[in-house]
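Chains as they are written, first to last, in the working numbering: chain A, 154 to 352; chain B, 154 to 352.
For the record, the hints were derived by calculation from the structure and aren't laboratory data. C-beta atoms are modelled at their ideal positions from N, C-alpha and C, and glycine is treated no differently. Be careful, since some hints might not be right.
In silico SDA-like cross-links for lysine to any residue, where the CA-CA straight-line distance does not exceed 20 Å [unchecked claim]:
1. B/241 to B/296
2. A/271 to B/183
3. B/270 to A/321
Simulated DEER-style distance windows between Cβ atoms [as the list claims (entries may be wrong)]:
4. A/196 to B/163: 52 to 62 Å
5. A/183 to B/278: 20 to 30 Å
6. B/253 to A/270: 22 to 32 Å
7. A/158 to B/293: 56 to 66 Å
Spelled out, the chains give:
2 protein chains.
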Amino acid sequence: MTNKEIILKTKKEKIMKRAAQLFLKQSYEKVTINDIAKTVGIQGPGIYHYFKSKEDLLSSILDTSFKLCKENIIDEMEKKSDPEEKIKILLTNVIKLELRFGEVPLIVDDSLDKKFKKIKKERQKEIVTIIRQTLQELAGSKRLKKPIDLTVATFCLIGMTVWIYKWYNPKGRLSIEDLTDEIIRFFFHGFYGREEVRE
Amino acid sequence: MTNKEIILKTKKEKIMKRAAQLFLKQSYEKVTINDIAKTVGIQGPGIYHYFKSKEDLLSSILDTSFKLCKENIIDEMEKKSDPEEKIKILLTNVIKLELRFGEVPLIVDDSLDKKFKKIKKERQKEIVTIIRQTLQELAGSKRLKKPIDLTVATFCLIGMTVWIYKWYNPKGRLSIEDLTDEIIRFFFHGFYGREEVRE
Chain A
154 MTNKEIILKT KKEKIMKRAA QLFLKQSYEK VTINDIAKTV GIQGPGIYHY
204 FKSKEDLLSS ILDTSFKLCK ENIIDEMEKK SDPEEKIKIL LTNVIKLELR
254 FGEVPLIVDD SLDKKFKKIK KERQKEIVTI IRQTLQELAG SKRLKKPIDL
304 TVATFCLIGM TVWIYKWYNP KGRLSIEDLT DEIIRFFFHG FYGREEVRE
Chain B
154 MTNKEIILKT KKEKIMKRAA QLFLKQSYEK VTINDIAKTV GIQGPGIYHY
204 FKSKEDLLSS ILDTSFKLCK ENIIDEMEKK SDPEEKIKIL LTNVIKLELR
254 FGEVPLIVDD SLDKKFKKIK KERQKEIVTI IRQTLQELAG SKRLKKPIDL
304 TVATFCLIGM TVWIYKWYNP KGRLSIEDLT DEIIRFFFHG FYGREEVRE
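Using the sequences and the accompanying hints, generate a full structural model.
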């Protein structure tokens, strides 16, 4: 990449990050190109130098978010063979991603255009399937007598984690590591149950 | 109430229910008075016979939702003295309410106007405080050695339950009772842990 390309890329990333934050805070509908331009300190039409339209901008944000999820969650899970390790990677990296990359939570934001909803739904479905399969493997590997219903467990896992960015304060008393440990402890206890582990 | 008043009330409730569903599906911003009128089979301006404005309509929906939560969750919890019973009531009735009354999930919908956000935030805070206190009582009553961090547990409980209406299919293989049992089992196992109960 030339210097010029690097600058362009950095600027694009900055715009995407800020736009995602605005979309999450005020909804995609409400935020204008001017609002976004203002937060990155450029004139309104200047945005069009980087993105064709607001739709194009959102599309790029979603692509990046799903790419980040794929690389940091799905690919990392696949490197492990133990299903318990896979779920640990999943929980750890979901939390890391949504707190570090403000654009990731847009994946589950429901106030988006119909067009995007469809794309998102499909990708979300893939993720749900992977989680469900991994939990099935886990229940099998631990020989749980009466595991939590896999659909319920899958959506509990997702529900517990996807809105952490809304309530968690990174400057508060709980570090991200502590938070992650607590979520992991809660999830595995919940899923394994007390009397159900046969080992 | 006179017959006329009963009809008015029923009609108002119907409009609120349908409007809430539309708001949740497409966001408050996007839905027009005409859209709402169409789904209840009246002419657009006819809505103004029941509600002053879209804002007034949303305001009524939120009031009703919070009232339902207060009566069916908070008041019912207060009737019990055992914190475990309180949490069971909470989980059971949250699920029942959000699946039976389509307007209740609007309480956690984030695509609303700033004005409503403030009101909602305050009421949400009350609920969070009550859950957290009950979990603290519960940890004490069970003499848990190392309970899950109370803030984490509170938001896990909320996260697990508030979006059930989005993924759960009441016509699917899992009855509401089975779903509730699984959620209760998962939550208590998660919160108590395996080796932590001293009794």
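Now the hints, each set against the structure:
At most 20 Å may separate the alpha-carbon atoms for a hinted pair to count; residue 241 of chain B and residue 296 of chain B meet this at roughly 18 Å. A threshold of 20 Å between alpha carbons decides the hint, and for residue 271 of chain A with residue 183 of chain B the separation of about 18 Å falls inside it, so the pair holds. Distance hint between residue 270 of chain B and residue 321 of chain A is fulfilled; the C-alpha atoms sit about 18 Å from each other, no more than 20 Å. Taking the beta carbon of each, residue 196 of chain A and residue 163 of chain B are about 54 Å apart, inside 52 to 62 Å as hinted.
For the pair residue 183 of chain A and residue 278 of chain B, the supplied restraint of 20 to 30 Å holds, since their beta-carbon distance comes to about 24 Å. Taken as a hint, the range 22 to 32 Å holds for the pair residue 253 of chain B and residue 270 of chain A, whose Cβ atoms sit roughly 25 Å apart. The hint said 56 to 66 Å for the Cβ distance between residue 158 of chain A and residue 293 of chain B, and at roughly 60 Å that hint holds.
Hint compliance for this structure: no hint is broken.
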